[in-house]
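Line by line, the protein sequences are chains E and X. Quick note on numbering: the first sequence equals residues 1 to 324 in this note's numbering. Quick note on numbering: the second sequence equals residues 1 to 322 in this note's numbering.
Calculated from the structure, these hints are not laboratory results. Ideal placement from N, C-alpha and C gives every residue a C-beta, glycine not left out. Just to be clear, a hint being listed does not mean it is correct.
Per the computed footprint, the stretches of chain E lying under chain X, defined by three or more beta-carbons under 8 angstroms from a beta-carbon of chain X, are [as the list claims (entries may be wrong)]:
#1 48-61
#2 86-93
#3 124-133
#4 304-310
The following residues of chain X were derived to be distant from chain E, with all beta-carbon distances above 10 angstroms [stated by the list, open to error]:
#5 13
#6 92
#7 141
#8 153
#9 188
#10 232
#11 263
#12 304
Some but not every residue of chain E turned toward chain X, in silico, with C-beta under 7 angstroms [what the hints assert, rightly or not]:
#13 30
#14 177
#15 295
#16 298
#17 299
#18 300
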Amino acid sequence: MRRLKTIQALREAIDEEMARDSAVCLFGEDIGAYGGVWGLSVGLQKKYGERRVFDTPLSESAIIGTAVGAAMVGMRPVAELEYIDFITECMDPLMNEGAKLRFMSGGQVKVPMTVVAPCGAGTSEAAHHSKSLEAWMLHEPGMKVVMPSTIHDMKGLLKSAIRDDNPVAFLWHKAMFDLNEEVPEGEWTTPLGVAAKRRPGTDVTVVAYSLMASRAVEAADRVAPRIGVEVIDPRTLNPFDLPAVLDSVRKTGRLLVVHESPRRCGVGADIVRQVVECEFRSLKTAPRVLAGADLPIPFSKPLENACVPQVDDIVRAIEVIAAK
Amino acid sequence: MAVDVEEMLRLYGLMVRIRNFELKMVEIFTARMKAGDFPGALHTYCGEEAIAVGVCGVLRPDDYVFSTHRGHGHALAKGADLNKMVAELNGRASGLSRGFGGSMHLYDPSIGFMGTTGVVGGNLPLCLGTAYASVALGGTFVTVAFFGEGAASQGSFHESVNMAAVMRWPVVYVCENNLYAATTHVAVNCPLENIADRAKGYGIPGAVVDGNDVLAVREAAVEAIERARSGCGPTLIECKTYRHHPHCMVIPEHRPPKECREWHAKDPIESFAASLMRIHATTRDTLDAIEAREVGLLEAAVKFMRESPLPDPATVGDYLWA
Ligand SMILES: Cc1ncc(C[n+]2csc(CCOP(=O)(O)OP(=O)(O)O)c2C)c(N)n1
Chain E
1 MRRLKTIQAL
11 REAIDEEMAR
21 DSAVCLFGED
31 IGAYGGVWGL
41 SVGLQKKYGE
51 RRVFDTPLSE
61 SAIIGTAVGA
71 AMVGMRPVAE
81 LEYIDFITEC
91 MDPLMNEGAK
101 LRFMSGGQVK
111 VPMTVVAPCG
121 AGTSEAAHHS
131 KSLEAWMLHE
141 PGMKVVMPST
151 IHDMKGLLKS
161 AIRDDNPVAF
171 LWHKAMFDLN
181 EEVPEGEWTT
191 PLGVAAKRRP
201 GTDVTVVAYS
211 LMASRAVEAA
221 DRVAPRIGVE
231 VIDPRTLNPF
241 DLPAVLDSVR
251 KTGRLLVVHE
261 SPRRCGVGAD
271 IVRQVVECEF
281 RSLKTAPRVL
291 AGADLPIPFS
301 KPLENACVPQ
311 VDDIVRAIEV
321 IAAK
Chain X
1 MAVDVEEMLR
11 LYGLMVRIRN
21 FELKMVEIFT
31 ARMKAGDFPG
41 ALHTYCGEEA
51 IAVGVCGVLR
61 PDDYVFSTHR
71 GHGHALAKGA
81 DLNKMVAELN
91 GRASGLSRGF
101 GGSMHLYDPS
111 IGFMGTTGVV
121 GGNLPLCLGT
131 AYASVALGGT
141 FVTVAFFGEG
151 AASQGSFHES
161 VNMAAVMRWP
171 VVYVCENNLY
181 AATTHVAVNC
191 PLENIADRAK
201 GYGIPGAVVD
211 GNDVLAVREA
221 AVEAIERARS
231 GCGPTLIECK
241 TYRHHPHCMV
251 IPEHRPPKEC
261 REWHAKDPIE
271 SFAASLMRIH
281 ATTRDTLDAI
291 EAREVGLLEA
301 AVKFMRESPL
311 PDPATVGDYL
321 WA
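Looking at chain X on its own, in the form it has when it is part of the complex (with noise of 0.2 angstroms):
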């Protein structure tokens, strides 16, 4: 399917936004931690905005995703607000939970993000959940799981994959392999070469991708939800990727320098802005301009969150029963 070049500037400026933000959340749990506070985990999701982009990009409205503790970039390619997002990930009434959930626990129903989870895994088997009700009420909805190649090694994922393969039902298994679970080396949770081999044995597609190339993830995105949506079942692509940062806040790097640098030169917004300019003769100044577009409505966001008030403590129970 051939991709337009405005609906690539529009993958381009929503990797952008991703970006953005999470540098921006860097920078303001890091100030907070130096004022002695300690404002939760933080899982940034740079270096790997082409999969949430080139996945998401392709979902309708009505489709939905599954997420996980790396969410951000999932959440927002979705298309939730970013106000909202900041305003979340800095515990205000105003975010997308309200100040009850923050970076790991992300939903936003009215667009189908399914949220985030703190439980690596823990999304996998909820997935299955939204593929059924595709089927039960006849719609031609399809889900959207991602997931690391740590989560992999959890009983769920075989569980899950198991059961919509038998079933059939609509479900695309992304797997995100940025080569470490925290500090654990992907040879130690899977001893083959690659997590989408694992397809062979559930009787499913498996699809490996380049996941710091957007188009690429694209098309294999494409393959994957037409076939789910047409009732042909689930399939696995896992997108080989790299994140820029250690794994949360708190853990030093610990990663080869090397192997940093190889996987930095590969990043996939300058990649992707390069392609754009060499073979789609698009215009440094048009990058700019959605580049500056981004910054203006971060920084509004930023405001939003600071004018934003703390939640009521008298509130918390508000929300335990429907």
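Extracted from the complex, chain E is given alone in its bound form (with noise of 0.2 angstroms):
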């Protein structure tokens, strides 16, 4: 098999939609020529011409309200924005109108849209490049969101994302950047909504996305086989495969959910609700939410560090709700 890198496998993911469906382009600012800060549409421009791959101003809110315009008439638009934390930039378009259009117009109108940007800490950059906010758009109805762990979720989810008729928010972890992972030749597609099973055990459930899927895997595989750890990746946040993760707390009777974003009114925190709501019976003790500081992030390593969970952290986590 060979082996890719993520921003390979984003790229494949939409080259291949671009050559499959003439309505999908790719914007953003530094997307066209030069092929992207992070190297997203390398070569795409070339490939497929300056009206479908181009260069924006540095405007994340015309940027965003060119997707969800064109989106409306037929088009299948992929916008990148540089990093995650500038969506404040274009809040408006993407959430007042983007999310809310098809609910608005009584189905009369679809957002087939993806954006695609970079989350998260561990690269020193502080407080406005290292958010992952994931919890902000779950807020708003209508909107999907997609926060894969492997490289073959990249290129997959990807490809599902593109093809939905929604607005979605694509995600990819920065500290993921240099991750290589073997996966096939040819195209495949990830189906947004469907849990993945990282690892089997039947003492603790822990769910965990993104970057801390593979974390959790890591401290899982510490404590084994002390403790039985199964790790759920649910890859997608909305649409959320909550039934495997029922099926998973019915067997072990203990839930630790871990993200790196706040902890307050977080992700952890509703899944947490909809288990307990579910699946009361089987709870042997009370689960728990494993999450980033209710903080900023910090500039200096340390600080930083102290701000998003460690494998160490996961780790202990487990072992005292393994305990219980």
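Assembling the complex is the task here: the two chains are given apart, and the hints tell you how they should meet.
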């Protein structure tokens, strides 16, 4: 099998979708001739022309507005934000318009667009270049949110996101930029809303996505065979594969959710809510959330590390919940 | 307004300070990257020193500056402590922002330096607030907002300039047009020849100056600051310039080599040195002495940084709330 890195997988997904469907287009800052600051579009302008792959001014609101409007009339835009942190600049076209148009128009309009952006901390880029913000988007009814943890899913989920008829935020973690994994040749898609079991186990269920999925597997390997940890990676947060989590919790009776973004009003809180509502009887102890600090991401390495769950923290949290 | 030689040498010293600081940071960051460490973003100001120094050189201590992601030069020109600057970029507890901010989040309100920002255009709405405060508090202090030509494509630019113009608030908008926003040429960001041509649409004065000529920048700044101070409202100054380095440490050079060479030949420090010697009878020895002084200060700052501890992780939550 061949190996791909994150950006290669994403680019391959976009390339294949552009070849397959002439409605797919790609734009954003530095996306044209240069190929994107992350390399997302390298070679694509040459291949598909300046009408379909182009540079925009430094104007996130205009970029996302263009995507929403083009999607309303049948195009299938992919827009890059150089960091998800800059979504603040385009919240209005995305959240007030894009995410709600289907609903507000009584089902007449559809908005098949994808926002691709890197997220996450760990790169010493401080408070304006380290956020994840999935919880913001999940709080807006009408937004789908995808956060892959493997190279295979980077490609498969992005293809599904582009084919989806709704606005999708596709967040890839910057700490996975150099990840390099084996994947098959050819095309595949990974459906939105289907979790992956990254590791089987019978004592504790850990739900973790994006960078935290691989950290959770590492932590699980460390406590094995003493504690049998099942790691569930939901892969997409909306739609969310609740049945996969409930199945696991029925078996283990113990739930730990791990994510990097802040704890308060976070994804973990909502997953715990759903599990408590649906599967309270199976729980042997209170579910827990191990999450990022309720703080902006600081610059200096020791401070930054203190804000984001590390493998050691996950190990400790697993041990605590397994002992109950 | 005539500038005496002593003042010129002060400006020269500041430009040298900024240049040396940036080159030293590049050296340290490069070494750390080679060692497998990613020390964050570094947007250097080399080649653009005349703008920060030309503008900040005429500001009063109680005037405010809002800066950008490429803001080390603005901070130093406004008077930020060299030791604390070096320490902050290296994440030390003794840094300007105690290691919490880094290169893109430098603040020193005690000298009116209200911050660099990681969000392009993020400073433009905020500069309205200090300008309003000047009016509301009956002060005569003014606010300078630096920004790149790329930032002028943000909605925040329009809202900020328009509101300051309507309110006649004391802001000086200083656009540093270095021809590229990351890798994107200014032609993709603006269909006009000059960003300053937009001033007309807001009903305010616009000026285009050679951003590599510190005295030209200073002259334009004096006029705009006087205007702002006397209640006549904002001015948009566009400084044409060029950065010596690629956008940041991780984006490879993509600009045409010929263009780079042409602009390097217009280096603001070298050309100022030449004119100081040619027109103002400054000797090479005088300039060398300034250089030596600055090298000494920078070495001391690096030593200060190396002897400073990293922040204690237990303090990470200390500054969320006032
Ligand atoms: C809102 C926002 N969008 C995009 C970026 C990524 N980015 C950082 S600097 C930059 C280019 C800025 O160009 P300009 O304003 O001209 O300033 P310069 O870097 O040339 O000094 C971009 C696109 C950002 N930091 N913030």
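Earlier hints that do not hold, by number: 6, 8, 9, 14
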